[in-house]
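Line order of the protein sequences matches chains U and W.
Taking UniProt numbering, the leading residue of the first sequence gets 1, the next gets one more, and so forth.
Taking UniProt numbering, the leading residue of the second sequence gets 1, the next gets one more, and so forth.
Calculated from the structure, these hints are not laboratory results.
Since we're looking at a predicted model, the values are computed, not measured.
No residue lacks a Cβ here, since even glycine has one placed at the ideal position from N, Cα and C.
Be aware that a few hints might be false.
Stated by the list, open to error - Which bits of chain W does chain U cover? Going by a derived footprint, with three or more residues having C-beta under 8 Å, they are:
{"no.": "1", "segment": "106-120"}
{"no.": "2", "segment": "190-198"}
{"no.": "3", "segment": "265-271"}
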Amino acid sequence: MSQDPARANDSARGRGPARASEAARTTGTAGSVDTARAIDTASSAVLGVDALIDDPGTRIVVCCGSGGVGKTTTAAALGLRAAERGRKVVVLTIDPARRLAQSMGIDALDNTPRRVKGIDDSASGELHAMMLDMKRTFDEIVEAHADRERAATILNNPFYQSLSAGFAGTQEYMAMEKLGQLRARDEWDLIVVDTPPSRSALDFLDAPKRLGSFLDGKLIRLLTAPAKLGGRAGMKFLNVGMSMMTGTLGKLLGGQLLKDVQTFVAAMDTTFGGFRTRADATYKLLQAPGTAFLVVAAPERDALREAAYFVERLAAEEMPLAGLVLNRVHGSGATQLSAERALAAAENLAEARIVDQVGGKAGLRNSPDTYGSSEPPATETAVPEAPSSDAGSPAADRTSADGAGTDDDRGTADPSAEADDDRSTEGRTVEQLTAGLLRLHAERMQLLSREQRTRDRFAALHPEVAVAEVAALPGDVHDLAGLRHIGDRLAADSSPTAAS
Amino acid sequence: MSRLQVVSGKGGTGKTTVAAALALALATEGKRALLVEVEGRQGIAQLFETQALPYEERKIAVAPGGGEVYALAIDPELALLDYLQMFYKLGGAGRALKKLGAIDFATTIAPGLRDVLLTGKACEAVRRKDKRGRFAYDYVVMDAPPTGRITRFLNVNDEVAGLAKIGPIHNQAQAVMRVLKSPETAVHLVTLLEEMPVQETADGLAELRAARLPVGRTIVNMVRPAILDEADLELAREAPRTAVAKSLSAAGLGGARRGGVAERLVEPLLTQADEYAERYALEREQRTVLQGLGLPLHELPLLAEGMDLAGLYELAKELRQQGIS
Ligand SMILES: Nc1ncnc2c1ncn2[C@@H]1O[C@H](COP(=O)(O)OP(=O)(O)OP(=O)(O)O)[C@@H](O)[C@H]1O
Ligand SMILES: Nc1ncnc2c1ncn2[C@@H]1O[C@H](COP(=O)(O)OP(=O)(O)O)[C@@H](O)[C@H]1O
Ligand SMILES: [Mg+2]
Ligand SMILES: [Mg+2]
């Protein structure tokens with residue numbers, strides 16, 4: 001149970017008005033992070049993120065997973081954490097949320113890493129970040145491998161232009177390519193790579209090869225250079241097919257497109273040495289020691305199914321899996337109260353209220369005075385009075401918090417409306433609020449058990465995979481403070497105190 | 001009411017689910033809807049818990065009130081072969097082309113060609129009439145590519161402009177554009193009440209409008225239930241904890257005194273209310289952004305038990321009640 005008295009009495013927890021400010025949002029956030037520990041990861045080992053990023057042998061961390069699960073967020077959070085722990089880090093992001101990118105100072109597509117300001121550099125680490133520009137990356141390859149004239153021909157080729165602007169697999173291919181370049185420069189201790197948004201995590205591994213094979217494929221060569229086939233007798237049959245094919249395709253696609261493809265392949269061939277070869281080379285980098293994969297998933301059926309496929313694939317490819325990041329996990333500080341009991345109790349309150357209303361004025365909220373006078377008569381359960389003289393009692397606590405908070409928190413409520421309790425809260429009573437809190441809790445507990453079931457299924461399939469859990473924050477993650485929290489959560493499970 | 005309803009949205013927001021629910025909602029009172037998918041993922045079959053769909057229109061569901069939903073997974077390779085067959089009388093050579101990978105090759109190097117085949121098939125179903133001159137389908141609902149690609153996908157004319165300037169593909173593109181840019185078509189965007197999907201919706205909408213494609217509605221999916229309202233949240237900030245503790249105790253949850261069972265629930269329950277409040281505020285912010293887009297806004301609930309057939313009918317009912325059909 002994460003309910004320790006120190007925390008319960010912590011008035012900075014954020015029920016007070018200060019919560020409205022940026023700083024306190026963080027505090028509230030930390031609270032929810034703590035509560036997420038309430039349910040243990042059943043049988044899985046715990047992923048030690050700090051050991052991974054502190055190890056000088058770790059040079060590349062790849063964050064994979066299906067779309068929207070938090071790959072970019074995880075990659076950025078890990079990068080920040082590693083940098084603040086003293087490493088020189090570059091994070092290659094692919095499609096960061098706008099506000100997150102802005103907060104890291106990479107709000108435009110930009111192929112060169114920029115130093116991120118505002119990190120804690122007391123351990124003399126550095127954080128650099130960049131957002132992949134796939135077209136620019138492709139252009140740079142061309143420019144690096146061809147003389148100026150030939151490069152210009154390729155860059156102006158219409159087929160090249162559509163290929164580099166968004167062919168299926170180009171983004172994955174270019175992400176790998178960029179990773180290879182960053183690694184070759186050997187300027188950073190650690191490269192953290194985000195992967196392109198796709199419905200399948202496997203695309204990151206497969207798409208570059210698929211694209212490479214297609215561009216280097218027999219058919220594209222046959223079609224684009226039929227002259228070469230000239231004398232080969234064995235190709236007779238193929239040639240019949242070929243002429244039919246070029247004929248039909250020419251009619252469909254227009255001769256120009258085929259010609260563009262042909263020129264492009266020919267120009268690339270002499271300078272570039274084959275797409276497939278190149279894809280294979282970067283692929284090897286992923287198998288090299290020093291590379292670690294993190295699979296990111298939300299505790300949902302589809303995302304965990306994808307994660308399981310990916311885990312199996314990594315094993316087959318002998319690529320090192322560091323573990324699973326289970327992102328957006330929900331927790332509760334009151335797991336001892338089941339959804340059923342919470343709902344039943346909410347019902348009780350609703351019934352009591354009906355009785356109450358028949359009996360007279362419903363209880364009102366707000367000042368302790370009002371509360372005291374409208375308290376419903378004790379029901380079957382004996383409810384001992386809290387010792388009101390105790391300065392540390394919740395009541396005393398409450399009063400002081402209220403006193404401090406009235407000004408900024410309720411700045412909009414004017415005093416005359418305040419006086420009219422019935423109207424300002426539409427006659428809302430503490431009983432109604434409590435019933436609402438209980439229904440909210442029931443919903444949370446139902447969510448928890450659904451998530452637990454999905455995770456158990458994954459753990460049963462892959463008990464060997466170490467897991468780090470990250471709580472679902474109530475809001476988006478869009479600044480360094482948010483990333484730091486995610487980083488703390490990522491590492492929290494491996495700290496000795498987490499055993500509680 | 002447009003007869004071709006295109007459903008797009010950010011990946012994973014529920015395009016397939018909403019498209020299917022919409023088809024069910026439209027197929028009321030003996031009407032007939034065709035649900036088409038274009039990405040070769042068999043999402044419809046998964047959703048309706050049936051076997052993989054062939055390239056063939058099949059009845060997959062009956063709507064309340066006797067309407068029917070048919071489904072079709074459009075396969076671009078087979079569609080291309082169809083066209084080649086129809087216009088060039090290729091006979092068995094068509095199969096040879098497929099075997100050599102030429103069909104795959106053509107649709108890969110010219111994505112515009114693939115798109116025009118996919119949209120072309122959907123438009124053909126929209127215009128098709130039976131022997132008595134009635135439309136074969138009252139509605140065609142398309143589970144379309146995501147927001148990032150939808151404008152290029154629908155704007156086939158521009159895309160095939162670089163291809164053969166004459167011939168069936170060219171004519172096809174023209175015919176498709178006549179349907180897609182008319183009031184016969186409406187493009188809906190599915191989103192969640194989160195920053196990234198809402199941003200993508202705004203961007204996608206701007207692109208669609210710039211291309212003069214007819215936009216329909218915004219559908220917010222997976223909306224979580226409103227359990228506490230403003231008044232509750234205000235009271236949650238102000239109510240004395242002892243009062244809440246007593247209330248919990250009165251509800252039968254144990255002692256309200258300090259350290260009592262009920263009292264120990266107060267803190268975590270109020271923390272959850274805080275988190276709820278924060279999410280509530282963020283969602284309201286995103287809802288305001290969506291309202292500013294100037295499209296009719298609909299909301300579908302998050303089904304707590306996960307999606308199944310019953311859930312799909314529930315979403316369809318919801319859409320109907322919100323006057324979407
Ligand atoms: N209203 C809802 N309540 C609960 N779950 C839902 C709801 N709508 C969709 N889902 C679930 O969310 C997941 C994503 O939905 P769906 O496959 O329809 O999205 P999509 O946009 O088509 O995804 P993709 O971009 O991968 O094609 C599915 O598991 C689906 O069952
Ligand atoms: N633990 C979390 N709690 C709350 N929001 C999160 C969390 N992780 C990610 N998010 C939010 O979810 C959205 C998608 O995350 P992102 O990292 O961009 O996913 P991906 O890169 O996998 O597509 C972002 O708006 C991000 O702020
Ligand atoms: Mg991302
Ligand atoms: Mg889908």
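Cross-check of the supplied hints:
1. 106-120: It holds, with 6 qualifying residues against the three required.
2. 190-198: holds (count 3)
3. 265-271: Result for this restraint: holds, n = 7.
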